[in-house]
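Which chain is which? The protein sequence lines are A and B, in order.
Going by the numbering used here, the first sequence runs without a break in its numbering and finishes at 531.
Going by the numbering used here, the second sequence runs without a break in its numbering and finishes at 1287.
It should be emphasised that the hints constitute simulated quantities derived from the structure, not laboratory data.
Quantities reported herein were computed from a predicted structural model and do not represent experimental measurements.
It is possible that part of the hints are untrue.
Pairs of lysine-lysine, BS3-like flavour, derived with a Cα cap of 27 Å [what the hints assert, rightly or not]:
id : chain 1 : residue 1 : chain 2 : residue 2
1  : B       : K1256     : B       : K1179
2  : A       : K503      : A       : K283
3  : B       : K1080     : A       : K199
4  : B       : K1131     : A       : K531
5  : A       : K283      : A       : K429
6  : A       : K347      : A       : K503
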Amino acid sequence: MSAVLDQHGHSHGHDDHHHGPPSGLMRWVMTTNHKDIGTLYLWFSFIMFLTGGVLALGIRMELFQPGLQYWNPEFFNQLTTMHGLIMVFGAIMPAFVGFANWLIPLQIGAPDMAFARMNNWSFWLLVPAAMLLVISFFVPGGATAAGWTLYAPLSTQMGLGMDLGIFAMHIMGASSIMGSINIVTTILNMRAPGMTLMKMPMFCWTWLITAYLLIAVMPVLAGAITMVLTDRHFGTSFFNAAGGGDPVMYQHIFWFFGHPEVYIMILPAFGIISHVVPAFARKQLFGYASMVYATSSIAILSFIVWAHHMFTTGMPASGQLFFMYATMLIAVPTGVKVFNWIATMWKGSMTFETPMLFAVGFIFVFTMGGFTGLICAVTPIDIQIQDTYYVVAHFHYVLVAGSLFALFSGTYYWIPKWTGHMYDEGLGKLHFWASIIFFNITFFPMHFLGLAGMPRRIPDYATQFADFNAIASVGAFGFGLSQLIFLVVVLKAIKGGAKVGDKPWEGAEGLEWTVPSPAPYHTFETAPQVK
Amino acid sequence: MSAPAAHGSTPDYFIPQPSSWPIKGSIALFLMALGAATWINGMFPGPWALAIGLAFLVYMLFGWFGTVAGESEGGRYSGKVDVSFRWSMSWFIFSEVMFFAAFFGALYYARVFSVPWLGDLDQRLLWPDFKAQWPTAGPEIAESFTPMGPFWIPTINTALLLSSGVTLTIAHHALKDNKRGVLNLFMFLTILLGVVFLGFQAYEYAHAYSDLNLKLSTGIYGSTFFMLTGFHGFHVTVGAIMLIVVWVRCMKGHFKPDHHFAFEGAAWYWHFVDVVWLGLYIVVYWM
């Protein structure tokens, strides 16, 4: 009852016919507007991206030459662990949720997300979780150093930092589950009349499936780290062979979450690319239905391939064979997607503005990451390259050149809609070329390092690996600095720049381009009719 | 109950005003996490932060759900909003199923893989006397214990939970037929059955610790037994709290025969914990 009065109190200072947002800091803290929350998610993830990036540069600084230069090995392990956790849970995932918040209501013609208050909580849970992770660096013993996978028995040791990390993951998981339930419900129940599922924009489709994956696997992660917590402090023996448990069981449970998780980080990227490529090829997306089926197939297959992360931890040959073939099967729907994008470009009237550059860059470099994934899937090869820099190169090709480049592509594509201004095309192109060149300088040599046998997660290495490591470190600093260009482009577009109309891209399609730019604070208060 | 509609609220949609409940919840969870993490390491602020955070969380839940109940009774939720609630509750229960799946999976893995492997030839050198037979506390935990069988407390508890599902359905039909007296009575009976269940479970735990020497630290058997039944008991507690809130609302005259999703959502949740119990009863107590 007091809460209802609270609303009355609030409405006194709020002009009901005023269409702009309320002002001040409390606008952002209390907002129920999907565009505000989307903006919060995007800025949060960018700050986390820079934070995780600084940690990565700390890693590359140490690895610039053999020997121990800057960090002791314990702190180095904290750097690799926190870099992974922050990038996965703080940067990439929230960035895609930011896109979902901004775009899904606009693309399906809904006034907002289904649960606007819960939407606010999904975001504001990320902040305490991030604070816990940052605090953990400064407690006795430092942050968790078990690697982002938090494998037992590493994670059943260590001090307070590990516990703070576990609770941070719990809170982030709650945030993800609430966010995903909101997204699924919005997509299933709030589409404008006439927009059947098979007329829905690809970005919504990919997010629908991503959200389903999140709801299915985030609770499994919560279960796994809860078992770690009770093993640490309450005497259980889940991951302790002396008590009848098994540390390898942690890996099974973790990767049952972890493998769908990697598709959680790439499917929305596929969605973004499926909007950008048609817009700049000025053609319809080739094979829409097959894209939907491919996305669904990837999601289903993602549940039965987890053990390819653990070929060397001991499993029967039949298990290795099953997981090898199941993993290779994923190349089929992924291939469908890549060929569909290429077919979309075929004989298109193409131009190469920054979003398209990032999209084409994505297709090229992500596919290379996909191929190395196929190589890693082959059990006998994987046994050679497990835990080497080859794996590091592989997943950075799909995560940086995949997820991150798609996020850049999407930002450049929709930023005119968000800010009402065209971004600086020259700086955008510079950002792209700097990113893709430095990216390859950083990560391409890692393939050679891995094949030559350099293990990952070590602060020091044999001198034979020195040259490629020096090159990779130079590339990493170049890549890191290039991202400041992106910050400048975004800030410039927010402050000013050429004004744009409803639809700044000639080939763009979808309901989001039928509303003014910048998109008004409230859109589609009456649902549009979709033919 | 005439809170002003925010922009975007049309007959079909409901968009709430800016709200301070979420940030309060975030502060509460931050304090709880910090408190719990420091407490288990014997550090400051430990239990203090946890207690303050928990109190704040309870206050937040009370206020937030109070707001929702007020909005619902104020007629702010259309049929479309009702469908949204239905989808979201279904997906929430699905996420809970997956949470339990992790622990059921751990039990399965221990029984089918890790325990037999500990008894195979490779390990004979390390633990020559270990018999890979369920139930076990593992090769290194020497204390003997008695496992928990299905008779009689778990069987009585099964009967209690199944009956509570029946009484809850009777209450639901009474609500649909607008028989408020029957509704209130059978809601009370459902909650009573749930509370008795929890009482029996508390007794069972005390019995396990004092008579059977069965503890959380009793190797993999104790770990899986207490974590599975414990998380289930926690969910029964949450479900019972939901039912109590719904019962109080019933007595205050809330809900209409054709508009009572809070009731149905709590009932779905109750049936969910019921089904999880059946799984536990078979897999943990019988097998």
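- Message: So, against the hints stated earlier in the document, which numbers end up violated here?
- Response: 4
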